[in-house]
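A.B. asks: Below, each chain spelled out in residue letters.
Protein chains: 2
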Amino acid sequence: MKIVSARDFNLQREVDYGTPEQNEAVHAIIRSVRQEGDAAVLRYTESFDGVSLTAEQLRVTEEELKAAYDKVEPSFLQAIREAADNIRAFHMKQKRNSWMDLQPDGSLLGQIIRPLKRVGVYVPGGKAAYPSSVLMNVIPAQVAGVPEIVMVTPPATGGKAGIDPYTLVAAAEAGVTEMYRVGGAQAIASLAYGTDSIEPVDKICGPGNIYVALAKREVYGAVDIDSIAGPSEIVVLADDTANASYVAADLLSQAEHDEMASAILVTPSQRLAEEVSAEVQRQLAELPRRDIAAASVDAYGAIIVVDTLHEGIQIVNKLAPEHLEIMTENPMEHVGLIENAGAIFLGAYSSEPVGDYFAGPNHIIPTNGTARFSSPVDIDDFIKKSSMIYYSKEALLRNGETIMQLARHEGLEGHARAIQVRLDNEKKAVDGDGE
Amino acid sequence: MKIVSARDFNLQREVDYGTPEQNEAVHAIIRSVRQEGDAAVLRYTESFDGVSLTAEQLRVTEEELKAAYDKVEPSFLQAIREAADNIRAFHMKQKRNSWMDLQPDGSLLGQIIRPLKRVGVYVPGGKAAYPSSVLMNVIPAQVAGVPEIVMVTPPATGGKAGIDPYTLVAAAEAGVTEMYRVGGAQAIASLAYGTDSIEPVDKICGPGNIYVALAKREVYGAVDIDSIAGPSEIVVLADDTANASYVAADLLSQAEHDEMASAILVTPSQRLAEEVSAEVQRQLAELPRRDIAAASVDAYGAIIVVDTLHEGIQIVNKLAPEHLEIMTENPMEHVGLIENAGAIFLGAYSSEPVGDYFAGPNHIIPTNGTARFSSPVDIDDFIKKSSMIYYSKEALLRNGETIMQLARHEGLEGHARAIQVRLDNEKKAVDGDGE
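These protein sequence lines map, in sequence, to chains S and G. Following our numbering, the numbering of the first sequence begins with 616 at its first residue and continues without gaps. Following our numbering, the numbering of the second sequence begins with 616 at its first residue and continues without gaps.
Note that these hints are calculated values from the structure, not bench results. Misleading hints may appear alongside valid ones.
[Unchecked claim] Here are some, though not all, of the chain S residues that point toward chain G, as calculated from beta-carbon distances under 7 Å: (1) L692; (2) L717; (3) G721; (4) L724; (5) D839; (6) I843; (7) S868; (8) P903; (9) D906; (10) F960; (11) P968; (12) G970; (13) R1023; (14) E1025.
For each residue, glycine too, the CB sits at the ideal point set by N, CA and C.
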């Protein structure tokens, strides 16, 4: 792993907006599903997944779910349940109540906080189906109180039409209420616009290939979507007290995700820099996904040697990484100085995979420098707020003139008259009383 | 105003994504500003606004701001200050603290909540400069704690280069910290990528014409943007107790915004329906903006007569209006049944303009049916959250095997090894102690 001095380093990568052909293909699929509904969905499923289904077969049955539970090992089920409990407990802490502010003039102002009504979660098929990702997408919605959570995932190819039993079990444990075997852009179109078999949703979440990403972009507005994740990133900020083999292992745990993933060590310790560099080489040689990890390390990995931890923190804030590990003597003393990082792992035992799978905070975290302005998935992503205004007669009588003045300044006489008609009427009533 | 029975009614309109020529023009402007910085900004300002400036003149000076204060009437300043106080008080109630959950095994999990560092607010020029809109965009950012709030607004055309003094005063009162006389797509590009004169921001808010909207869309990702507002909407849900002249005035206050605005009454009262219809005609005839309001009423206005209030509520939930007024005998008893509405106004005195200008809740509210999944602007739009994970040694020793099992199930051996290296090391330490 190359050791470099502090320099202009940037995590931002170009976002993939697809080729014109891919965009056109996605556009055509969405149009067909909107026009033909299930018929189009079944046709695309046959052509892309090689599976011929009837509309009735789209929905996963209770029997299939039961069979899936029979297939997974009890230890896996136990592990998923423990992880789900932790994720649920952490997200429960984020819940907020609707609130009201009672004014002395009798007015009530407030915010009503409600869950979304129906959410769709896309789960990729085959090897890209990660049970942990199912938990992280579904549990926040469930904790937020979303009553209808729909999973869509492509059927196994080659006529089998099955779905990975681990995915089914994770989905059921997380709180999915309906499951459909449909994937790709046709799944996104079904969720956005509905078909005879699949009711439309209010928001679509979850990762997918470029066709899924483009379809989500296209249906945004008709429904909400989550953000589209870039390659994974880790920055480790460490001083001379850090264990080089821990640092190297954590860097590689991100590098193995993707050839475009980025793993960076920032340290004022030349000794640590050299030891981590050697450790990365050593551990890399034994890693099953060494080709991917090596490509990532070569292209997007770096060890940045800085003069001081303070300088290192400035680099971290500029990078705004998805994951930040702080392995220094007193990690807590640096947290307050971190302005931009999606998730912050403190100390020698807070290895990043702890957060990927188990601790409780969400592992869907802003990438590509967007931690400057966005946040990990949490229950705020599955609620909506309505303002509530109950204005008392006293309040309107007292403030009506001021409101009309502001409206008239903006040339909106109709706004002023909506107030005036009430003031006039009240004045008439008072005059009437006086007679 | 036409009276119709309950039927398929939809507030959703096509979003304007601009012509290919408009998109190409915006793309070229952004590219030039990225490449040439101030030079491009000054060139576009000369060509679009007819104003020749130097880079030093882009920023509004203290003297200009002082002159603006001298120009506005004391009563306007007083009104703006009262409104700002109310808006600030309401948004203060939304503030959340960073929090931690202390686990019995010594682990700490939490969310760090911080303001964005730098926010840009676009304010349209000329007649479209609404001081109320400046307050509503800026105050939530200021209350959230954003230290740098930058306003950009086009200079007056024809070589004057001035900015509406009411806009300057509203901006200063709301908490803007820097002001620049630059508009259009060149302003958005400057905020997103920075020039010598204007530092880049983390998020861009505020309304603008089609060029501004397209530019915001294009820079999204490099920075965050707010959502792009559609035409204004109001639905009034009223029973036989409602005052027809109030209802009509409130419907017209939205209709006067825009020919594409939508104003709808939903009522089980045939009498009210007829009276409101007549009142709308009567009030419309006297309205300065009657041409706009009449076009809106004709194209997108309706009085929907329903059998019961309950049926009316179902229609409201389907429409998911930006503004909902409930003028019934006991409005509070219906609030709990409203699933989708951006802002809810209760009772005879809570006329919608009360919320536009003065009461405190934000007037930037989801339109186009998106209240199903989005919310009025509030301080959540100007904060970012970081997850915090301090995992104790005890926690890792106890849960390490489970975490590795989940990682290995997903084929991510590198993730498992980041845990394994720690468990091995601890075991060695314990074995060492035992010798």
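A.B. asks: All hints, please: hold or fail.
C.D. replies: Comparing the hints with the structure gives:
Evaluation of the L692 (chain S) hint against chain G yields a violated restraint, the C-beta minimum of about 11 Å exceeding 7 Å. Checking L717 (chain S) against chain G: minimum C-beta separation of about 11 Å lies over 7 Å; hint violated. Taking 7 Å as the C-beta contact cut-off toward chain G, the hint placing G721 (chain S) at the interface is violated, the least distance being around 10 Å. Interface hint status for L724 (chain S): upheld, as the beta-carbon distance to the closest one in chain G is roughly 5 Å, under 7 Å.
For D839 (chain S), the shortest C-beta to C-beta distance to chain G is roughly 4 Å, which falls under 7 Å, so the interface hint holds. Among the interface hints, the one on I843 (chain S) is violated; its C-beta lies about 9 Å from the nearest C-beta in chain G, farther than the 7 Å criterion. Taking 7 Å as the C-beta contact cut-off toward chain G, the hint placing S868 (chain S) at the interface holds, the least distance being around 4 Å. Proximity of P903 (chain S) to chain G holds as hinted, the smallest CB-CB distance being about 5 Å (cut-off 7 Å).
Hint on D906 (chain S) is violated. Least Cβ distance to chain G is approximately 12 Å, over the 7 Å limit. Checking F960 (chain S) against chain G: minimum C-beta separation of about 5 Å stays under 7 Å; hint holds. Checking P968 (chain S) against chain G by beta carbon gives a least distance of about 4 Å; that is within 7 Å, so the hint holds. Given the 7 Å rule on beta carbons, the hint for G970 (chain S) holds: about 5 Å separates it from the nearest Cβ of chain G.
Using the Cβ-Cβ criterion of 7 Å, the hint placing R1023 (chain S) at the interface with chain G is not satisfied: the shortest such distance is roughly 10 Å. Taking 7 Å as the C-beta contact cut-off toward chain G, the hint placing E1025 (chain S) at the interface holds, the least distance being around 5 Å.
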